[in-house]
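> The lines below spell out each chain.
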Amino acid sequence: MTMPLTKNAISASPLDDADEIFRRHRTPLAVKYRTQIRAFFAATLPPIITCAVILLVWQIICARPNSALPSPARIWTEANDLILHPFFVNGPQDIGLGWRVLTSLQRVAVGFGLASVAGVIVGAFVGQAQWAARGLDPIFQVLRTVPPLAWLPISLAAFGDSRPSAIFVIFITAIWPIIINTSVGVRNIPQDYRNVAAVLRLNALEFFYCIVAPSAAPYIFTGLRIGVGLSWLAIVAAEMLTGGVGIGFFIWDAWNSSRLPDIFVALLYIGLTGFFLDRLIGFIGALVTGGAQPN
Amino acid sequence: MSSFLKIENVDKIFTHGSATTKVLENINLRVEKGQFVSIIGHSGCGKSTLLNIVAGLLTATSGGVILEEREVNEPGPDRAVVFQNHSLLPWLSSYDNVRLAVNKVFRKTETRVKRHERTMRMLDLVQMTHAKDKRPGEISGGMKQRVGIARALAMEPKVLLLDEPFGALDALTRAHLQDQVMALQAKLGATVIMITHDVDEAVLLSDRIVMMTNGPRATIGEVLPVPLPRPRDRIQLAVDPIYLECRRRVLQFLYERHSYIEAA
Numbered sequence: 001m002t003m004p005l006t007k008n009a010i011s012a013s014p015l016d017d018a019d020e021i022f023r024r025h026r027t028p029l030a031v032k033y034r035t036q037i038r039a040f041f042a043a044t045l046p047p048i049i050t051c052a053v054i055l056l057v058w059q060i061i062c063a064r065p066n067s068a069l070p071s072p073a074r075i076w077t078e079a080n081d082l083i084l085h086p087f088f089v090n091g092p093q094d095i096g097l098g099w100r101v102l103t104s105l106q107r108v109a110v111g112f113g114l115a116s117v118a119g120v121i122v123g124a125f126v127g128q129a130q131w132a133a134r135g136l137d138p139i140f141q142v143l144r145t146v147p148p149l150a151w152l153p154i155s156l157a158a159f160g161d162s163r164p165s166a167i168f169v170i171f172i173t174a175i176w177p178i179i180i181n182t183s184v185g186v187r188n189i190p191q192d193y194r195n196v197a198a199v200l201r202l203n204a205l206e207f208f209y210c211i212v213a214p215s216a217a218p219y220i221f222t223g224l225r226i227g228v229g230l231s232w233l234a235i236v237a238a239e240m241l242t243g244g245v246g247i248g249f250f251i252w253d254a255w256n257s258s259r260l261p262d263i264f265v266a267l268l269y270i271g272l273t274g275f276f277l278d279r280l281i282g283f284i285g286a287l288v289t290g291g292a293q294p295n
Numbered sequence: 296m297s298s299f300l301k302i303e304n305v306d307k308i309f310t311h312g313s314a315t316t317k318v319l320e321n322i323n324l325r326v327e328k329g330q331f332v333s334i335i336g337h338s339g340c341g342k343s344t345l346l347n348i349v350a351g352l353l354t355a356t357s358g359g360v361i362l363e364e365r366e367v368n369e370p371g372p373d374r375a376v377v378f379q380n381h382s383l384l385p386w387l388s389s390y391d392n393v394r395l396a397v398n399k400v401f402r403k404t405e406t407r408v409k410r411h412e413r414t415m416r417m418l419d420l421v422q423m424t425h426a427k428d429k430r431p432g433e434i435s436g437g438m439k440q441r442v443g444i445a446r447a448l449a450m451e452p453k454v455l456l457l458d459e460p461f462g463a464l465d466a467l468t469r470a471h472l473q474d475q476v477m478a479l480q481a482k483l484g485a486t487v488i489m490i491t492h493d494v495d496e497a498v499l500l501s502d503r504i505v506m507m508t509n510g511p512r513a514t515i516g517e518v519l520p521v522p523l524p525r526p527r528d529r530i531q532l533a534v535d536p537i538y539l540e541c542r543r544r545v546l547q548f549l550y551e552r553h554s555y556i557e558a559a
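Residue numbers (this note's numbering), protein chains in the order written: chain E, 1 to 295; chain P, 296 to 559.
Read the hints as simulated data drawn from the structure, not as lab findings.
Worth double-checking, as some hints may not be accurate.
[Said to hold, decoys possible] Cβ-Cβ distance ranges computed for the label pairs, FRET-style: (1) Y209(E) - Q422(P): 26 to 34 Å; (2) R365(P) - A132(E): 18 to 26 Å; (3) L483(P) - D137(E): 46 to 54 Å; (4) G339(P) - Q141(E): 34 to 42 Å.
Note that the coordinates shown come from a computational prediction; the quantities given were computed from them, not determined experimentally.
For every residue, glycine included, the Cβ atom is placed at its ideal position computed from N, Cα and C.
Here chain P stands alone, though its shape is the one from the complex:
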């Protein structure tokens, strides 16, 4: 059986001098095209490590990641990442940050005018055209994250990787941005893997929720499908029995069966 993205028997061992820590053990996950998958777990369980392995920023100690029948072992624009702290280059304007990605990916295939149009289209997608000439230091956290998403989408990735994209934002901005990401995903049919530690966010956005056990030697504890129809509305969902049941099961996993152990 072939899936769009396969994570197969991934182990990750970090070595610090003579000390070794096995962070991930035997991770197996399949993601279908157009699916939105969240990975949830307590902090320190290695979710970000897993995402970085998929992104190619880290290499698995054993096992591997296969995207469309090809093994990935280095980073590339086909797996664009939206980083938690936006990671925009502070000396470039919003436009230039997105344009850098557009230039890099489409330099050989598109004319200058086309690339400009593409950049503007991406900024328009996240409603940031009004601040295209502002530098990251001059815009709010939510706006920075939107530019970060525009930059990632501009690479036309096969998989969009979101590393706690809303973690550093206030609750209202977060809700607004979650709605935007949902709308974008519906529009573009993107395949998304998102790291989160927010139960509501995971249930609201995902088709499947991957719950990870505590580290070290973290692995996938359970995968929960979220059979909610789209488009989803957060206000209606607040009383939806399926939503509440999904939420309960994630909470149960996180707080009863794998409750967070204070770092010794």
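The shape of chain E in the complex, shown without the other chains:
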């Protein structure tokens, strides 16, 4: 029961009086935010504990001085500069891992950006035109299983230079899931929306902008998310072969000069960056498609 609190009401009812006193009583912060504090530790404690256990086991296994792989402690002592200073520049080939990741990200941005635009357009076309779907779908299904690096010799031959070749490998790796998901999204546009478009006589451009894009957006973003993951996988492999300043080449270089601890640090950077990319696309997708789920 909610009664407006007026002077009369308070004096008339002892119950409301008690209510008022209770409300004025300040609760301590620890009690007030108890559930939030609990939720925070429930979310953060398990990963911290698992990481600690894994590091401990790893340390124990690789503790012998002649072990093949370095222990966490040895990685820290030999490569902590890479962790602590990601953005140092000591020369053209001696730069921090942060710079290397950014160089790789730049390539991914170009390749993945081109793949997104081309993939969404081709996917929308394939989803819309039935004969195109029948003709092209088998080709897509075969080509998408080709491993990224298998494209590298072809692109090297075609472009004659390593830089566009690496970007092409990203492009060709990322585009298939984008095309396939977009075409499924477009094919799944409910007939109702098509009828609305027909009654309103929307032209092709308006149909794409008003109906196709918002309706297929959840599918498109699923494709983009898979695509960005694949391109991050591909860039490391491609850079190992093409050279340059990227994070992939750094690993290859470290292997050739027997700097195993550096490789472990690089793996950490790659993993975190890939995770970040995935979350970024997921976040953009949630922003764009927010509330767009069919009801």
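Dock chain P against the given chain E, drawing on the hints supplied.
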């Protein structure tokens, strides 16, 4: 003799691979301007197919639809449809759903301000201005249908096509919306064709009730005029002898002469 809307000798055959089904056979119907016509029949008799042919969403296998001396063979805003499941775009607010139709139909003839005013007027007509910024997911079924009606009316259609517009609503909301549609039709003098399977709804709203035989090869079995004066009041009509007689005749058609055959 020329009528506002003519449906002439319409046949519709659906082909699935090698199997063909004749859904509609020899449909002839004339609708005068400002008339409210209901099409009633058991489910599966092809009422929606007929409506879709008038809307231009389907093409007749033979025969045709003539609106104001012009044959229609593609969809257009002059024959606005209110769909059974509202078909609002879920990523647009109520306002934007109506505005999309207004923009499309009046972009060349009206200024931005005029189009905004028109959109607001349409929302006001169905009493939905309070929820203009809500998305379809955030409003009730009856409200969605009202926005759907506003969107259709916003196109200033020559004919308003209602495809079981109240089918998915609960009884109370349905009655409320029926009254609103009656009031709107009286106000705007719209020509309406409504699909329904509700006898009371048909008698209450219509000037004529078109009764369809069972499919396949469904056709118009009988056309019943409803000579009740307007405005109509559902409570008074409940004991009106003309209302009861109309109701009896529709029921007789549906349950005695063309009773529903369970799909084999």
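> Could you say whether the range 34 to 42 Å given as a hint is met by the Cβ separation of G339(P) and Q141(E)?
For G339(P) and Q141(E) the Cβ distance comes to about 39 Å; the hint holds.
> Given the hint of 26 to 34 Å, is the C-beta distance from Y209(E) to Q422(P) inside that range or not?
30 Å, holds
> Holds or violated: the 18 to 26 Å window for the beta-carbon distance between R365(P) and A132(E)?
This hint is violated: roughly 34 Å between Cβ atoms.
> Does the beta carbon distance between L483(P) and D137(E) stay inside 46 to 54 Å, or does it fall outside?
Distance hint for L483(P), D137(E) holds at roughly 49 Å.
Against the hints set out earlier in the document, a violation occurs for number 2 only.
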